[in-house]
Each structure stands twice: as structure tokens, then as C-alpha cells.
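Asks: Sequence:
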Amino acid sequence: MTADLTGVPHLAPTHSNIISTDTPLEEHAIATRVNGFGLVSDAGYLARCQVDTPLNIVAVVWGIVARYRAKVGKVFDAGAGDGRFSVGGSYDQYVGYELDSRRIPVASLPGNATILRSDAFAHAGPFDFDLAIGNPPYVRHHDLGDEWRDHISAWIKSRTGVRPSGWSNAYLYFFWLALIATVDDGLVVYLVPFDWVSRPAAKSLRKYIADRGWKLDIYRFDKEPFESVLTTACVVVVDKRQRADKASYFRIDRDNGISTLQSPTLSEHQPLAYKNCIDTAYARRGLSPGDQTVFLLTEDERIQNQLIVGRDVVRAVSTFRWTSCNQIKLTDAFFEKNFVHAGVRCWLINSSSVPSAVLTAYLEKYGHLCQDNSTCRSRNEWWKFTMPEVPRILYSSGFRGRGPKAMINQVGAIAVGAVCGIYASSETTARTIFDHIQAFDFSTQVVAMSKGFTKVEVNQMNGVVQSLFE
1 MTADLTGVPH
11 LAPTHSNIIS
21 TDTPLEEHAI
31 ATRVNGFGLV
41 SDAGYLARCQ
51 VDTPLNIVAV
61 VWGIVARYRA
71 KVGKVFDAGA
81 GDGRFSVGGS
91 YDQYVGYELD
101 SRRIPVASLP
111 GNATILRSDA
121 FAHAGPFDFD
131 LAIGNPPYVR
141 HHDLGDEWRD
151 HISAWIKSRT
161 GVRPSGWSNA
171 YLYFFWLALI
181 ATVDDGLVVY
191 LVPFDWVSRP
201 AAKSLRKYIA
211 DRGWKLDIYR
221 FDKEPFESVL
231 TTACVVVVDK
241 RQRADKASYF
251 RIDRDNGIST
261 LQSPTLSEHQ
271 PLAYKNCIDT
281 AYARRGLSPG
291 DQTVFLLTED
301 ERIQNQLIVG
311 RDVVRAVSTF
321 RWTSCNQIKL
331 TDAFFEKNFV
341 HAGVRCWLIN
351 SSSVPSAVLT
361 AYLEKYGHLC
371 QDNSTCRSRN
381 EWWKFTMPEV
391 PRILYSSGFR
401 GRGPKAMINQ
411 VGAIAVGAVC
421 GIYASSETTA
431 RTIFDHIQAF
441 DFSTQVVAMS
451 KGFTKVEVNQ
461 MNGVVQSLFE
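Take the sequence shown: its position 49, counting from 1, is numbered 49 in my numbering, and each next residue is one higher.
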């Protein structure tokens with residue numbers, strides 16, 4: 001017998017319990033295999049998603065498991081890495097799934113633990129696990145292969161009746177898998193980004209859990225477990241054995257003590273409600289034209305390619321990151337100083353008319369850079385997007401402090417990417433809205449995404465705007 005860092009004894013290591021398999025355990029599993037559908041075939045995928053859980057955090061997660069089960073039978077760990085979650089818990093059998101053969105199991109892999117060199121989606125059947133545990137792979141949605149996403153989403157819908165949002169990051173698909181793989185009175189304990197509790201991409205998952213009345217507990221870390229990762233982490237517990245009509249929140253302090261949280265916003269306020277737009281005034285997300293290095297140009301790039309303002313390109317704002325926004329109105333002078341002459345990408349390809357000869361030459365020269373861009377591939381003409389209306393207010397969806405940077409848009413700039421727009425019936429209404437959002441403390445009513453960084457969703461901003469007209 002040996003012991004891990006938590007002091008829990010376990011069996012001496014054996015590597016005979018590492019198994020490679022290519023045979024799916026259910027009839028339709030081949031259609032859900034990861035390899036070949038754009039996940040593992042992406043050379044950078046494994047490096048991006050494999051952030052090993054610190055051993056002390058593994059112990060914290062198993063400690064949370066112990067709050068719900070003294071001992072579990074069969075354990076499921078998708079994306080097991082080196083199998084570190086096989087250590088520190090009380091269970092009968094652990095099965096980890098890890099496609100990357102370069103991952104060497106921990107030296108202390110117990111004798112009742114097995115790591116399969118296979119795809120968890122294809123080999124998790126017959127779905128008889130008592131506990132799903134681990135730190136599922138984190139890959140942003142735009143890095144996932146379209147074919148992989150489509151196949152996995154269709155498979156999840158065939159099992160649950162719900163198709164995940166196309167904006168889901170990889171860990172949400174694995175969360176769905178954990179719910180599918182566990183038995184009717186099973187337990188899911190996953191280490192995931194905290195912002196899943198409010199983000200639209202996870203809405204269908206949260207609703208699926210709520211509709212079944214399962215107990216949902218979320219434990220937020222005060223001290224970020226992953227120093228190199230920007231997102232704030234939490235431990236999510238879904239207990240199918242217990243019932244609850246709403247989620248409960250807890251905090252894990254620096255000494256691993258656990259206490260109750262009133263709200264995921266860390267204040268006395270609940271998160272801002274999501275509301276659809278109304279005609280009087282509404283927010284809309286920024287344009288997603290495709291690869292911004294192609295569709296958005298700096299002033300030097302515009303001049304180099306001989307593109308004419310108004311004919312070939314139009315003003316656009318895709319970031320306020322390096323801008324102080326120390327005045328209310330985005331004027332010509334402010335735009336020239338802080339965007340044009342500052343080297344910011346601020347000229348958007350004008351797709352509203354037949355392209356000139358020089359714009360056509362530019363598109364032909366750089367079009368190959370968009371070959372793998374899903375947005376561009378979805379169009380009949382890869383570059384031709386619908387030009388949006390000009391918003392009266394521009395604001396950054398992400399922010400630090402009390403609220404987002406915002407300016408009244410006097411130059412007719414298009415909102416792009418993380419910069420969103422607010423549309424109003426008149427300049428007077430726009431100024432009223434601007435003053436309102438400048439005075440509003442968003443930080444106490446929005447769930448933080450990462451260390452000091454917060455994002456207000458478009459339909460949350462709609463709720464703030466509509467409060468002026470109720």
C-alpha cells in the first residue's frame with residue numbers, strides 16, 4: 001500500500017489496467033467518435049484542453065463527493081488525463097477515458113482503476129456509473145470541428161431529447177455525457193468554469209437539470225485553482241438521488257472551508273434577467289463577419305491595399321480595450337486619434353455593394369485565410385455578409401469594474417465582435433439610456449467570468465434598457 005498527497009491509502013501501481021480499444025459498446029457509437037470529427041484531428045487540441053487539476057484540488061473535489069456519498073460503486077472519468085481522479089476517493093471501480101496515449105498514468109494508479117485509450121462518447125455504455133467525476137476538457141466552441149459538434153449534438157439529443165447550444169464549449173458536451181452515463185440515482189461532480197451558471201450556451205443544460213428536479217449545488221473557489229487559466233472555476237454537483245427546486249451556491253475559501261453563498265453574483269442581488277428586445281430600444285450583439293484579420297483592417301493596411309473609406313471600407317469598433325472612453329461621444333476626432341492613428345483594426349469591409357476592383361483584389365489575395373472559418377463557409381459568397389444598421393450607442397460586453405465602457409456613436413461606426421450596439425428611436429432616448437447604463441452597477445448583478453473580468457450578455461442589457469420604459 002502507498003499513500004497520496006491527501007493521506008488516503010491506495011493500492012500500489014499497476015499499468016496492466018491501461019486498455020486500448022477501438023470497439024464501440026453501443027450500436028450508434030461510431031457516429032459519435034471523436035477522432036475523425038475535428039476534435040483530436042486538430043493538432044493543437046490536446047495542448048489547449050489539457051490543464052491538469054492540482055492534486056490538492058483533486059482532494060477537495062473528492063471531499064465534496066463525500067458530502068453526498070460515503071462510498072460509490074462505479075466511477076466515470078471522461079478526459080481522465082493521467083488518471084489523477086482515480087486517487088483519493090472511496091469507490092469499487094474507476095474507469096477513465098483518455099485518447100492521448102502520451103499521457104502517462106499517475107504512479108499511484110490503484111488496482112481497481114482502469115484507463116481506456118478510447119473515446120468516452122463511444123465507450124461509456126451501458127451507462128451504469130454511480131459517479132461521474134473529473135475536470136472535462138475545455139475547448140472553446142469555435143475551436144471545435146463542425147462535424148464533431150453536429151454528431152455529438154445529435155447523439156445527445158437522441159439520449160435526452162435536447163440538442164445542446166451550438167455555442168457550447170467542449171466541457172458542456174462532456175457535462176451532458178456525465179448526466180447520460182450515470183444511473184437514475186447517480187451523482188455528477190465536475191470541475192468546470194463558474195460562468196456556466198448564467199451563460200446562454202448552458203441554458204438548455206440548466207433547464208434539463210431543473211426540469212428533472214435534481215439537486216444542483218455549485219461550489220465556487222475564492223482562490224483560483226488554475227494559475228494559468230483566466231476563467232473562475234467551481235465544482236458542480238448534480239445529485240439525482242435528491243430533489244431541489246433551485247440551485248444552491250457555496251464558496252470554498254483559501255483554507256478549503258465551505259460556506260453558503262446568497263447569489264452567484266457574490267452580492268445580495270440575483271443575476272440580471274434575460275429579456276427579449278422591444279421596438280423602443282434594444283441591444284444587439286456585434287457583427288461576426290468572420291476572420292477579423294481579414295474583414296477588419298488597420299489604417300496602414302487600408303492604405304497599403306488602396307481601399308477607399310465609404311466605398312470599400314466603413315468605420316467599425318471591435319474593442320474599447322485600449323481606449324479610455326473619457327468622453328461621452330465617439331466623434332470624428334476621437335475616432336481618428338484612438339482608433340485610426342492608434343493602429344487599431346477599425347475599417348470594416350463594405351459588403352453592401354458590388355466590390356470595386358481594388359477590394360476584389362484584396363478579397364482574392366486574403367480569402368484563403370478564411371477557408372477554415374465556419375462563418376465564411378456558411379455563406380454563398382464567403383465574404384458577403386449582411387451589413388447591420390448603425391447603433392446609437394456602442395458598448396463593450398466585457399468589462400472590469402462597475403460596468404462596460406460605452407460611447408454615443410456619432411461617427412456611424414458598426415459594432416463588431418465583443419462590442420455591441422444599442423438601438424434607440426431617437427437621440428434623446430439614446431442619451432437617456434447612455435446615462436442610465438453609466439450609473440448602473442453591473443458588477444453586483446452579473447456573474448464574473450474570470451479574475452476581475454465580467455461580461456454582460458445582450459439580453460441582460462436588454463433587461464437594463466427596458467427597465468427605463470416599464
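Hints are not guaranteed to be accurate.
Said to hold, decoys possible - Straight line, CA to CA, 25 angstroms or less: simulated SDA-like cross-link-like pairs of lysine to any residue: (1) Lys-329 to Ala-418; (2) Lys-365 to Thr-429; (3) Lys-337 to Lys-365; (4) Lys-405 to Leu-363.
To be verified - The calculated label-pair distances, taken between Cβ atoms and stated as ranges, are: (5) His-368 to Gln-304: 14 to 20 angstroms; (6) Ser-267 to Arg-377: 38 to 44 angstroms; (7) Ser-467 to Arg-212: 28 to 34 angstroms; (8) Tyr-68 to Asn-276: 18 to 24 angstroms; (9) Ile-328 to Arg-379: 34 to 40 angstroms.
These are computed hints drawn from the structure, not numbers from a lab. Note that the structure is predicted; figures quoted are calculated from it, not measured. Built from N, CA and C at the ideal position, the CB exists for glycine as well.
Asks: Per the hint of 14 to 20 angstroms, is the separation of the Cβ atoms of His-368 and Gln-304 within bounds?
Replies: 18 angstroms, holds
Asks: Measuring from beta carbon to beta carbon, are Tyr-68 and Asn-276 in 18 to 24 angstroms?
Replies: 38 angstroms, violated
Asks: Quick one, are Lys-337 and Lys-365 close enough, alpha carbons at most 25 angstroms?
Replies: 29 angstroms, violated
Asks: Between Lys-365 and Thr-429, does the CA-CA distance stay at or below 25 angstroms?
Replies: 44 angstroms, violated
Asks: Mind checking the hinted window 28 to 34 angstroms against the Cβ distance between Ser-467 and Arg-212?
Replies: 33 angstroms, holds
Asks: Is the hinted pair Lys-329 and Ala-418 satisfied, with a Cα-Cα distance of at most 25 angstroms?
Replies: 19 angstroms, holds
Asks: With respect to the beta-carbon atoms only, verify the hint that Ile-328 and Arg-379 lie 34 to 40 angstroms apart.
Replies: 37 angstroms, holds
Asks: For the pair we were handed, Lys-405 and Leu-363, check the Cα-Cα distance against 25 angstroms.
Replies: Violated, at roughly 33 angstroms.
Asks: Determine whether the Cβ-Cβ distance between Ser-267 and Arg-377 falls within the hinted range of 38 to 44 angstroms.
Replies: 43 angstroms, holds
Hint check: violations occur at hints 2, 3, 4, 8; the rest are consistent with the structure.
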